[in-house]
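When you get a sec, could you build the whole thing from the sequences and use the hints?
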Amino acid sequence: MKCYIGIDLGSTTTKAVLMDDKADILGRGITNSRSNYETAAAVAKQEARLGARLTLFRRGLTELTELEGIDVLMADLERSIRCEQFTEQLQDLHDTCASHISDGADDIKEALDEVFVLLAEESPALFTREAKRKSDFFRDIAGSRVMKLGEQVAKKRGVSFDTLLNLYDKSIIDVENRPPEGGLSEKFRAGLHRLLEGSPEFEIDEELAQIALSKALDVELEETYVVGTGYGRVTLPFPKEHIRSEILCHGLGAHLMYPHTRTVLDIGGQDTKAIQVDAEGIVENFQMNDRCAAGCGRYLGYIADEMNMGLHELGPMAMKSTKNVRINSTCTVFAGAELRDRLALGEKREDILAGLHRAIILRAMSIISRSGGISEGEFTFTGGVANNGAAVKELKKLVNENYGEVTINIDPTSIYTGALGAAEFARRAVIH
Amino acid sequence: MSPADINEDVIKESSMLKQKEMISANYEKLTSAPETGQKVASTYVPGNLNELIMCFDMLNNLPEINAIQNGMRKQSGAMIQDAEKMGHSEDVCTYVKADIGNMAKGAIAPNGKPMPVPDLLMLSYTGCFTFLKWFELLRDQYGCRTAMLHVPYEGDGVITANMRDYVVKQLKEEVIPTFEEVSGVKFDIDRLRENLKNSAKAEEDFVWVLESAKNKPSPIDAYFGGVYYVGPIFTAFRGTTDAIDYYKILRGEIEQRIASGQGPITPEGEMKEEKYRLVVEGPPNWTSFREFWKMFYDEGAVVVSSTYTKVGGVYDYDGFRHDPDNPLESLADYCLGCYTNRNLPMRVDMIEKAMEEYQADGFLINSIKSCNSFSAGQLMMMREVENRTGKPAAFIETDLVDPRYFSPANVKNRLESYFQMIDQKRAGGSPSRAA
Amino acid sequence: MTITAGIDVGTGAVKTVVFDVQDGGAGEIKWLSRQTEKIRQRDPHRLAREAFDNALEEAGVTQEDVAYIATTGEAESLDFTTGHFYSMTTHARGGIYLEPRAGAILDVGALHGRAIIIDERGKVLNYRMTSQCASGSGQFLENIARYLGITQEEIGGLSKVADAPEKVSSICAVLSETDVINMVSRQVSTPNILKGIHLSMAGRLVKLLRAIKMKEGTVLMTGGLALDTGLLAALNEEMIGQKVSVEALSHKDSIYAGAIGAAIWGAFRHEKLAKIGALPLAS
Amino acid sequence: MKNTSEIIEYCQELYEDIDFTATRKWKDADPARKVVGYMPVYVPRELMHAGGILSLGILGGGDSMEVIHGDAYYQSYICRIPRSTIELAVTKRLDFVDGMLFPSICDVIRNLSGMWKLLMPDVYVRYFDTPQNFISGIGGDYYVNELRELKEGLEGIIGREITDDQIRNSIAVYNENRRLVNAVYDFRTAEPWKAPSWEVYLLMRAGMVLPVEEHSQLMSDYLAAAVSEDKPMRDNCRIILQGSFCEQPPLNLIKSIELSGCYIVDDDYMLVTRWLLEDVPTDGDPLVNLSEAFIKHSGETAAKYVPDAADKGKFLINAVKDKAAEGVIFAAPSFCDPALLDRPMMAGALSRTDIPYISFKYAENSGQMQPIREQAGTFADTIKLWSEAS
Ligand SMILES: Nc1ncnc2c1ncn2[C@@H]1O[C@H](COP(=O)(O)OP(=O)(O)O)[C@@H](O)[C@H]1O
Ligand SMILES: Nc1ncnc2c1ncn2[C@@H]1O[C@H](COP(=O)(O)OP(=O)(O)O)[C@@H](O)[C@H]1O
Ligand code: SF4
Ligand code: SF4
Ligand code: SF4
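Protein chains in written order, with the working numbering: chain A, 1 to 432; chain B, 1 to 435; chain C, 1 to 283; chain D, 1 to 390.
Hints should not be assumed to be uniformly reliable.
[Unchecked claim] BS3-like mimics (lysine-lysine), calculated; alpha carbons at most 30 Å apart, straight line:
(1) C/K272 x D/K384
(2) B/K294 x A/K240
(3) A/K396 x D/K92
(4) C/K213 x D/K314
(5) C/K272 x D/K255
(6) B/K275 x A/K240
(7) C/K123 x D/K384
(8) C/K252 x C/K215
Rather than coming from a laboratory, the hints here were simulated on the basis of the structure.
Listed below in structure tokens is the structure:
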């Protein structure tokens with residue numbers, strides 16, 4: 001079938017959306033952009049294709065039978081496949097780490113092996129329904145576990161923790177750039193089998209399901225047209241006509257998700273943009289932060305590092321704040337200094353964090369105002385920072401204070417907005 | 001403003017050659033002043049009193065133009081840094097710092113010879129506060145005579161009798177006597193009348209040139225090309241017969257282009273298709289002038305009207321011409337009417353009118369970090385123009401002569417997004433929300 | 001005998017020294033003890049007290065023996081001190097103590113860089129500080145090191161074996177970080193990346209020196225980054241590159257420069273006050 | 001009688017109130033009352049007073065205001081005060097103001113006057129262009145006419161004529177106010193530990209929002225109280241602060257300078273209170289008198305042209321001598337054209353007279369005082385450790 005793909009190469013994450021010619025989204029994929037852009041684009045695309053297979057399978061299955069709990073089944077299946085991929089990448093990481101061990105350092109090798117045995121043992125638990133994952137990315141999940149288990153093992157065996165960590169640091173980038181490949185069909189089939197066997201709650205004939213799956217897997221996902229956008233778009237291996245500015249893509253993407261959107265705010269890793277669109281999703285005006293990266297998503301990254309916390313933990317902590325602390329500088333680098341200053345003054349962490357979140361949103365409010373404000377229609381918030389509850393809360397408050405009651409849309413998939421717009425541009429390039 | 005030498009490989013039209021000759025002859029005269037004994041006055045482009053200066057057989061040296069020249073030769077960056085090392089703030093106008101840095105290097109003119117120390121600093125304080133400080137700084141350094149002409153700001157959008165009287169009185173009682181003293185030449189009002197008559201003639205053709213952009217396609221680019229066209233009228237040639245000749249030649253060339261339906265000439269030859277017609281506010285960037293221009297013509301964007309071609313005097317909007325019958329009053333009105341001496345509501349009106357008359361697709365502001373006179377308030381102007389015309393507007397930020405503030409990737413990204421936005425808007429054809 | 005103590009509370013560490021200073025610094029100066037304590041998200045003022053107590057013990061004196069307790073850095077509000085001097089004042093004096101030939105001090109710490117011209121008595125003649133933007137700070141280098149998976153002590157050695165360093169261009173640390181990440185993905189080697197950063201930092205520091213018209217002679221590096229031999233090497237390369245005939249040195253005790261300066265100025269002030277009979281009570 | 005801390009507490013309340021409640025209250029007391037805002041560098045407040053108008057000195061939003069819309073009007077490389085002033089307007093905090101005067105300080109303020117016209121077409125807005133020619137027959141005549149035009153504008157607001165006698169009376173009131181301002185400054189110069197700069201600052205700020213008579217009373221109360229209060233003298237050096245005449249530093253910055261070892265013995269905050277150096281005569285044509293006072297007896301500041309090169313910097317150098325200052329701190333707002341362009345010339349003049357100085361920049365909402373403390377502290381250290389006297 002004809003597929004249209006949009007790829008948004010962000011400074012932090014790379015997103016892909018795959019849609020069919022009716023503009024239905026088949027799959028989404030995301031990966032971090034830290035390393036090679038080309039690989040990032042390929043990985044995101046591959047992820048989106050995986051998502052597309054799942055969607056097709058689901059479509060096929062619903063045609064065949066009305067299955068209760070199909071959502072759960074699909075989610076389980078996805079987790080099962082991800083677990084398999086994770087195991088495969090772990091193996092790769094293990095091998096790569098081992099290859100960096102200097103000859104004769106047997107104690108290190110043994111320690112390393114033990115770490116990975118432990119990791120392999122616990123990894124299924126990371127992919128259960130109940131598990132709350134810190135991140136979607138291999139680096140983040142594996143990294144934090146290696147750190148934790150490495151420390152235990154190193155202590156137990158009396159080897160250097162630093163050495164173990166250095167092995168990891170040396171290997172992770174390579175491994176990340178070598179995503180698990182091929183055998184997707186096999187993984188799907190095996191995964192489905194495991195699932196239906198292990199969970200009798202799904203009342204479905206496995207044979208029937210496998211037929212539906214085969215059908216879904218056999219569909220050829222033709223890459224009819226690909227459009228790239230985002231921070232790294234100039235480095236995309238595409239000709240010029242396959243590239244759209246991220247502003248246009250975000251505008252269109254937000255319009256597709258919420259047709260009544262007139263104002264879009266996107267806060268990503270290194271930029272903040274406010275976009276005004278008309279009833280057709282056509283951009284009428286936009287503003288971005290200037291060269292300074294202050295007050296963007298990475299700012300929160302620095303704070304998280306400084307506090308030894310995960311990104312997703314910042315929001316919840318800030319929400320506990322009871323007192324206003326005013327932070328005037330949103331310079332990313334001095335954030336740490338400011339934080340220490342305030343802590344030294346006796347301010348509470350959650351209050352400072354709330355102040356920092358407010359500072360980011362205040363900056364965003366300025367950019368919105370610069371782009372023309374929020375005058376009519378709905379307001380849509382996109383980008384990675386939309387995942388942060390405290391930022392969202394502050395934003396809602398300030399928007400309502402400044403522009404009255406406004407419908408504010410925030411979608412869990414909002415990080416894909418740019419890619420969605422790009423995919424639609426790809427579709428229009430062919431269909432129109 | 002008249003960097004003719006930069007584009008010699010490209011522009012071979014006779015008007016360009018003529019301008020080039022005029023400029024190099026002028027630099028020759030300036031640099032040989034110590035030998036010829038001719039006196040030199042330094043003054044600014046906006047509100048420059050060239051016709052008056054000529055009455056005293058003095059030469060006119062414009063430090064802004066020298067800064068531009070050094071910007072285009074990519075030498076301004078080092079000069080600015082030198083000035084900053086000398087204690088000048090990084091926050092202030094880079095023309096000033098380029099000038100001061102240049103002086104520290106011995107002030108070499110484009111012809112390779114040193115510039116003379118001016119005999120008089122003619123501080124025409126018109127439309128820009130920085131002027132005042134700039135010449136105080138030069139005075140501090142050179143220790144030379146300074147004549148101050150305070151031109152009040154058109155805060156209410158009108159020239160009042162009080163303002164005009166004040167300027168005329170300063171001319172009569174302060175400026176002219178100082179000139180007489182410095183030059184040793186007695187003031188002759190008939191000579192001034194003669195010069196003003198010449199000015200008015202050239203001004204007629206100049207306005208015709210600017211307005212030729214109303215054609216479709218426009219035969220000129222009124223920004224990137226415009227900075228060449230304003231050269232003689234804004235600088236040391238207004239009031240000369242050379243200027244009259246230049247504009248005659250230029251007019252002839254443009255008439256031909258119109259007749260054959262040609263677009264503007266760019267450094268890479270004829271512009272192919274006119275895809276976007278823009279009105280631009282703000283001075284250009286000089287350090288990457290060509291690169292900047294290319295971002296426009298590569299996309300088929302033509303500037304049909306720009307406010308920068310009004311800094312040295314507004315001739316088209318309300319039809320001002322130098323008037324030999326009221327010489328001093330006319331000089332006063334000229335100074336009072338320069339673009340940056342007009343209040344913001346007037347600037348918005350002028351742009352709105354240009355958007356309509358020149359049938360522009362969009363409005364672009366190139367905001368200059370250095371220049372508060374232009375830049376403070378531009379964001380509001382943008383909104384007003386957008387609201388009034390319903391046409392999309394865009395905002396980019398660069399600097400005049402400080403290469404550190406020209407970020408090509410950034411500017412290009414914004415321009416591309418902007419052009420795509422105009423396209424998309426045309427294709428979508430949805431009525432603009434801005435009423 | 002005049003015992004004085006210097007306490008330097010920084011953003012990264014608290015440094016404490018105890019000295020025996022004769023004639024307000026004009027006579028013999030004896031170093032009795034030293035302490036450094038990395039802050040690591042602890043309360044710096046509490047650490048300062050602890051470090052001070054440890055330094056007293058090491059020096060074999062009690063607080064009553066100390067004539068003047070001088071602080072520097074982020075310590076104006078410490079409650080057990082006699083007086084406070086500002087970092088540039090103390091680094092200048094400490095610098096000249098460590099390296100009498102120094103005509104200027106380059107103090108590079110976690111968040112700042114300062115170039116200070118001094119005379120032979122350690123008087124601050126002129127200075128420049130890096131502006132708000134922080135891509136040339138120790139903190140940034142620390143972050144990158146973490147990302148590259150190496151320790152701070154390894155940075156210098158690695159940087160020195162670089163063969164094709166690549167400079168980072170951005171003024172902003174965040175954007176520089178992206179530069180570095182791009183380099184990693186282009187397989188630029190770790191030494192070349194580190195050296196590139198060192199060179200960029202060095203370039204900026206040399207600019208500071210030029211801004212205060214340091215054209216020849218010796219400059220001593222102080223502050224935490226004085227220990228980074230890679231930066232020192234890059235600095236000397238940049239001096240040659242920018243045609244400045246200045247030699248940059250470091251000293252094994254450079255990190256104590258602020259504390260040393262504080263202690264010596266404390267003694268000086270003590271003398272002066274004693275002379276005019278205005279001795280404050282050391283609380 | 002009130003003590004200084006009570007007075008200062010009251011002033012601080014006024015200072016922190018970005019809704020101008022005190023001025024609103026004054027206005028609400030009588031429907032005929034009018035308020036005209038101005039930026040307190042120099043405008044002839046006497047004229048407003050003569051028309052029964054309260055002149056409200058507006059100094060941006062300070063560090064307590066969150067600027068959201070202001071950035072939509074100004075690029076990042078323009079100083080902060082116009083954006084926070086616009087923010088005050090956009091957030092309707094100035095909706096009770098019947099007119100606005102923008103003094104001729106710089107291009108930013110000049111353009112702000114036009115923005116105000118676009119933003120509030122119904123309010124009386126005047127760009128008050130004072131002469132840069134200081135000859136009575138030229139600049140003076142021009143200025144008399146400007147004053148006349150302003151008077152007519154104000155008459156439009158109040159709907160009646162302003163008489164010469166009313167102006168003469170107001171001139172006397174402001175002469176008195178200025179005498180008290182100078183008395184406070186002189187007191188601080190003599191005993192800076194008794195009148196800390198941040199207190200003096202707040203006291204002067206109060207004059208921006210209160211009727212002039214109340215402000216004068218406040219100052220004489222403060223003086224009376226401060227003289228008798230005993231505060232310890234610190235081991236500080238004496239400096240003059242220069243360059244802060246428009247956008248003002250946050251209060252914490254003023255405190256930080258003093259904390260780091262510098263007594264501020266003179267400054268150029270709210271110049272309008274001290275712009276005229278002598279009393280304005282109360283007989284004769286009042287407009288001519290105001291004009292002559294401006295032309296002949298006003299201080300030197302970056303916003304004014306100095307016709308004679310030899311006079312440049314003299315005013316500051318004389319102040320250093322008169323106030324026995326040991327150095328000058330140039331503290332200018334970031335991106336402030338007048339202050340920053342003037343600085344090299346002033347610094348040059350100081351160097352030639354061997355007066356030490358340092359310089360730094362701030363913004364009205366600067367939050368990090370550490371670099372400021374460090375520079376001011378080092379300066380104080382240097383003076384304390386190396387000067388011959390101490
Ligand atoms: N799960 C999450 N919880 C909180 N914040 C998040 C989360 N995921 C991403 N972010 C924030 O989003 C930023 C990245 O946003 P993204 O839109 O991916 O940037 P870009 O488009 O520049 O790649 C991160 O710096 C982080 O602050
Ligand atoms: N051994 C070392 N090698 C290299 N850098 C070091 C070393 N020790 C400390 N540093 C650097 O020094 C910085 C702290 O310097 P310091 O002068 O103590 O700063 P501050 O005075 O601001 O605390 C840290 O950011 C760290 O990067
Ligand atoms: S501020 Fe603007 S108008 Fe004034 S000198 Fe500089 S560039 Fe020219
Ligand atoms: S270092 Fe901070 S202030 Fe500087 S550009 Fe980066 S984020 Fe902005
Ligand atoms: S701070 Fe300076 S530049 Fe800004 S408005 Fe005031 S005088 Fe003008």
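A quick look at each hint next to the structure:
1. With a C-alpha separation of about 11 Å, the suggested pairing of C/K272 with D/K384 holds against the 30 Å cut-off.
2. Note on B/K294 and A/K240: the hinted pairing holds, with a Cα-Cα distance of about 17 Å set against a maximum of 30 Å.
3. For a cut-off of 30 Å, the pair hint linking A/K396 to D/K92 stands: about 21 Å separates their Cα positions.
4. A hinted pair counts as satisfied when its Cα atoms are at most 30 Å apart, and C/K213 with D/K314 qualifies at roughly 28 Å.
5. Restraint check: the Cα-Cα separation between C/K272 and D/K255 comes to about 27 Å, which is no more than 30 Å; the hinted pair holds.
6. In summary, the hint linking B/K275 to A/K240 is supported, as the alpha carbons are separated by about 18 Å, within the 30 Å threshold.
7. For the suggested pair C/K123 and D/K384, the alpha carbons sit about 11 Å apart, so the restraint of at most 30 Å is met.
8. Distance hint between C/K252 and C/K215 is fulfilled; the C-alpha atoms sit about 25 Å from each other, no more than 30 Å.
In this structure, every one of the numbered hints holds.
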